[in-house]
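Hey, can you work out the whole structure from these sequences and the hints?
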Amino acid sequence: MLEVLHSLLFSTLDAAPALVFAALGAMLSERAGVVSVGVEGMMRTGAFCAAVAALVMPTPLAVLVGMAAGAGIAAVHGFLSIRWRSDQVVSGMALNLVAMAGGTFLLESLYGPNGTPGITQLSRWNLPGLSHVPLLGALSGHSAPTYLALTLPFVFHLLLSRTPLGLRLRAVGDKPHAVATLGLSVPALRWGAVLGGGLMAGLGGAVLSTAVLDRFEQHTPAGLGFMALAAMVFGRWTPLGAFAAALFFAFGNALRIGLASSAPWLLELVPQGFLLALPYLLTLLVLALQGQRGHAPAALGTPYEQESR
Amino acid sequence: MSLEDASLDIAPGELLAVVGENGAGKSSLMNVLYGLYHPDAGTFLMDGKPVRFKSPRDAIARGIGMVHQHFMLVPTLTVAENVVLGREPTKRGLLDLDRACDEVAATAKRFGFQLDPRARVDTLTVGSQQKVEIVKALHRGAQVLILDEPTAVLTPQESDELSQVMRGLVAQGRTVVLISHKLKEVLGVADRVAVMRRGRTVAVVRASETTVSALASLMVGEGSRGAAMTGVPAVAAGTQDAATGPVVLEAKDLRATGDNGRPALQGVSLTVRAGEIVGIAGVDGNGQRELAEVLTGLRKLDGGEGTLLGGPLAGLTPALAKARGVGHVPEDRLARAVVKAMTVEENVALGRHRQPPFARGPWVDFKGRRERTNQLLSGYDVRPNDPVVALQALSGGNQQKVVVARELDADPKLLVVVQPTRGLDIGAVAQVHERLRDAKARGAGVVMVSLDLEEVLALSDRVYVLYEGRVTGHFPRKDLDERALGRCMLGAEAGHG
Chain A
35 MLEVLHSLLF STLDAAPALV FAALGAMLSE RAGVVSVGVE GMMRTGAFCA AVAALVMPTP
95 LAVLVGMAAG AGIAAVHGFL SIRWRSDQVV SGMALNLVAM AGGTFLLESL YGPNGTPGIT
155 QLSRWNLPGL SHVPLLGALS GHSAPTYLAL TLPFVFHLLL SRTPLGLRLR AVGDKPHAVA
215 TLGLSVPALR WGAVLGGGLM AGLGGAVLST AVLDRFEQHT PAGLGFMALA AMVFGRWTPL
275 GAFAAALFFA FGNALRIGLA SSAPWLLELV PQGFLLALPY LLTLLVLALQ GQRGHAPAAL
335 GTPYEQESR
Chain B
147 MSLEDASLDI APGELLAVVG ENGAGKSSLM NVLYGLYHPD AGTFLMDGKP VRFKSPRDAI
207 ARGIGMVHQH FMLVPTLTVA ENVVLGREPT KRGLLDLDRA CDEVAATAKR FGFQLDPRAR
267 VDTLTVGSQQ KVEIVKALHR GAQVLILDEP TAVLTPQESD ELSQVMRGLV AQGRTVVLIS
327 HKLKEVLGVA DRVAVMRRGR TVAVVRASET TVSALASLMV GEGSRGAAMT GVPAVAAGTQ
387 DAATGPVVLE AKDLRATGDN GRPALQGVSL TVRAGEIVGI AGVDGNGQRE LAEVLTGLRK
447 LDGGEGTLLG GPLAGLTPAL AKARGVGHVP EDRLARAVVK AMTVEENVAL GRHRQPPFAR
507 GPWVDFKGRR ERTNQLLSGY DVRPNDPVVA LQALSGGNQQ KVVVARELDA DPKLLVVVQP
567 TRGLDIGAVA QVHERLRDAK ARGAGVVMVS LDLEEVLALS DRVYVLYEGR VTGHFPRKDL
627 DERALGRCML GAEAGHG
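Note that the protein sequences, when read in sequence, are chains A and B. At the far end of the first sequence sits residue 343, using the numbering used here, and the numbering has no gaps. At the far end of the second sequence sits residue 643, using the numbering used here, and the numbering has no gaps.
Since the hints were made in silico from the structure, they are not lab data. Positions of the beta carbon are idealized from the N, C-alpha and C atoms, including for glycine. Any given hint could be a false lead.
[Claimed, not checked] Not everything, but these chain A residues come out facing chain B in the computed CB check (under 10 Å):
| # | residue |
| --- | --- |
| 1 | 215 |
| 2 | 246 |
| 3 | 247 |
[Said to hold, decoys possible] Not close to chain B: a few residues of chain A, all C-beta gaps over 12 Å, as computed:
| # | residue |
| --- | --- |
| 4 | 45 |
| 5 | 163 |
| 6 | 198 |
| 7 | 309 |
[To be verified] Across the chosen pairs, the derived CB separations fall in these ranges:
| # | chain 1 | residue 1 | chain 2 | residue 2 | range |
| --- | --- | --- | --- | --- | --- |
| 8 | B | 464 | A | 178 | 54 to 62 Å |
| 9 | B | 193 | A | 270 | 48 to 56 Å |
| 10 | A | 303 | B | 244 | 58 to 66 Å |
| 11 | A | 195 | B | 191 | 53 to 61 Å |
See below:
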């Protein structure tokens with residue numbers, strides 16, 4: 035029993051970083067009032083660029099390339115939604131489609147349909163003191179992103195609730211005109227949040243191809259970006275809430291793998307497709323149960339226009 | 147172009163009022179002073195030296211503060227957070243909220259305001275939110291404070307208090323610029339009055355040397371229409387103390403939930419008879435909007451019962467309301483009354499598009515529609531008098547006239563109007579008011595929700611005051627009193643007369 039729990043925890047912590055980073059990135063952008071449905075596309079681009087970069091440079095550097103790629107996609111989103119005030123959902127979905135098609139095209143024309151060549155994964159760290167403690171031992175043996183994912187939410191929490199920048203970001207997502215009348219720049223704040231969100235989403239994608247897998251695969255990130263959005267909503271647009279929700283979804287994912295391996299008789303009873311869909315069903319269920327709205331930033335999705343006449 | 151050749155000089159330590167009709171350019175001029183808009187031409191001198199403000203940041207740095215007509219507060223933040231936003235005190239890089247609260251409390255105290263710096267802004271009354279706005283400007287060291295239509299949303303008591311605040315600031319050596327269209331109020335508080343018309347400043351006079359009617363003539367630019375501005379007629383024409391017509395609406399203990407999920411109506415009872423105008427007064431957000439929506443079938447009742455034009459109020463849908471003879475002039479006409487991209491005649495047909503003269507069988511009756519529209523446009527003096535122009539090409543006042551014309555043309559038995567003259571110019575206001583009186587004379591029961599107390603006083607035969615979803619006052623015409631209404635609007639119960 036303990037062993038099962040240990041392995042569930044371990045694979046939860048292995049799967050969590052990508053979701054946590056993407057959820058934090060989406061939250062950052064949305065708290066400033068810019069819808070972040072493009073997070074799936076940013077992840078895919080980050081995953082692809084990191085996998086390709088890792089072929090020619092050390093993997094940790096390749097992760098930075100993946101982050102930059104995510105920010106690049108976010109910059110396009112910023113241009114469309116901040117500079118040109120286009121519909122933010124449409125812009126985000128368009129970028130998702132571009133990343134989906136572009137990733138497939140580049141992958142197939144450069145490396146063939148089976149994914150990029152294998153790369154050196156990020157190294158895993160053993161925490162000698164912990165390895166043999168029951169359950170807590172599940173904390174040991176992960177790569178750097180896992181440990182980062184366990185700390186960054188608290189950093190974001192501090193940033194949003196306890197710094198002047200955080201106050202301004204919250205204000206610009208709720209009432210941009212109030213921020214403008216105080217002489218602060220609405221576009222600058224939103225640009226910062228969108229680019230920061232892109233870096234985080236790119237990091238989430240890069241983690242998939244450098245820590246979870248050792249290559250970029252055809253379907254990466256397979257809807258994890260949307261799951262991250264669900265985590266953000268479930269976590270009520272707060273860093274710690276999104277963190278908890280992302281862990282919960284990662285646990286659902288671990289449960290799927292764990293069930294398939296530890297209880298093979300289950301596969302006799304339920305079709306495998308159902309198990310594969312489990313994390314997604316969990317996401318759907320949670321969002322349906324949460325039901326109520328009203329936690330989203332008030333000006334979310336509304337382009338800021340200074341009413342100049 | 148909303149400003150052309152507007153000039154203004156402001157002396158230190160004075161209270162200058164800027165008056166003018168809607169669209170005369172008052173707010174635009176102030177937004178230029180505050181650095182939000184950029185002038186195409188012209189100069190701006192401060193202390194004799196030319197200055198140019200690229201953004202409000204420059205204006206703030208030069209000691210100019212502005213309280214906007216629509217408050218610029220972040221509702222989810224606290225008073226202190228709103229005040230210090232943009233110049234937050236920090237301790238080791240982190241926000242120092244304790245110091246922010248202390249600073250804000252100190253500023254508030256210095257100018258005699260009672261404010262809890264830790265209260266969330268969305269829990270405050272409108273009057274308190276305005277104080278937060280003023281403190282926000284003063285906290286940034288404003289020497290010149292611009293207030294844009296500050297009393298539009300206040301009760302008479304809150305307005306009095308604001309006048310004292312403004313005089314107090316002037317007494318402390320600050321300069322106050324007050325933008326308003328309420329002439330009586332302006333003359334009571336200002337030192338000088340600047341009058342704007344069509345983007346120009348047409349006169350600057352000392353408040354002690356002018357009268358309401360003189361200012362009104364200057365504002366509209368012609369003697370005749372000025373009379374409409376002088377305020378409330380002492381007794382509105384044709385108002386009566388007790389309507390004796392049949393009851394068209396009888397509602398008991400209505401309860402409904404607002405958009406924010408909180409109870410908006412918490413037991414409202416009211417009666418409306420044919421041939422009377424019943425005013426619904428109150429500070430914005432006390433359930434008036436929800437009440438109007440319940441009466442027109444747009445919002446579901448949570449509880450209570452009533453009879454509306456012979457049928458139950460519970461389960462009312464917009465279609466059912468229309469079929470029973472309810473007319474509706476909603477608050478947000480672009481969202482709920484018209485399709486702005488469609489032509490005027492198409493908008494006139496909306497809602498009755500399946501009946502003659504707008505349809506013949508399953509087909510649109512183009513000729514009938516055109517004729518009826520032309521009649522209405524002439525009858526209601528809509529300009530341009532053109533049935534095929536897109537509705538959005540009309541001014542707000544003319545759009546509203548189209549809506550009122552359409553609703554009254556259906557000969558409603560109960561007419562629900564919400565803020566019928568908001569944003570209209572004086573001429574259009576007078577016409578809409580005239581039409582509402584006509585509807586009453588034809589035997590319709592009229593429920594009029596308005597935030598403008600003058601309008602309520604001018605038109606109503608009876609007035610209910612709503613406060614936090616309850617009726618706190620019920621006044622027949624003869625007992626109507628601005629002060630008493632104001633007290634009920636602030637939550638004090640009055641005897642139900």
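Note to self: For each hint given before, does the structure comply? Return the numbers of the non-compliant ones in rising order.
What the structure shows: Hints 2, 3, 6 and 11 not satisfied by this model.
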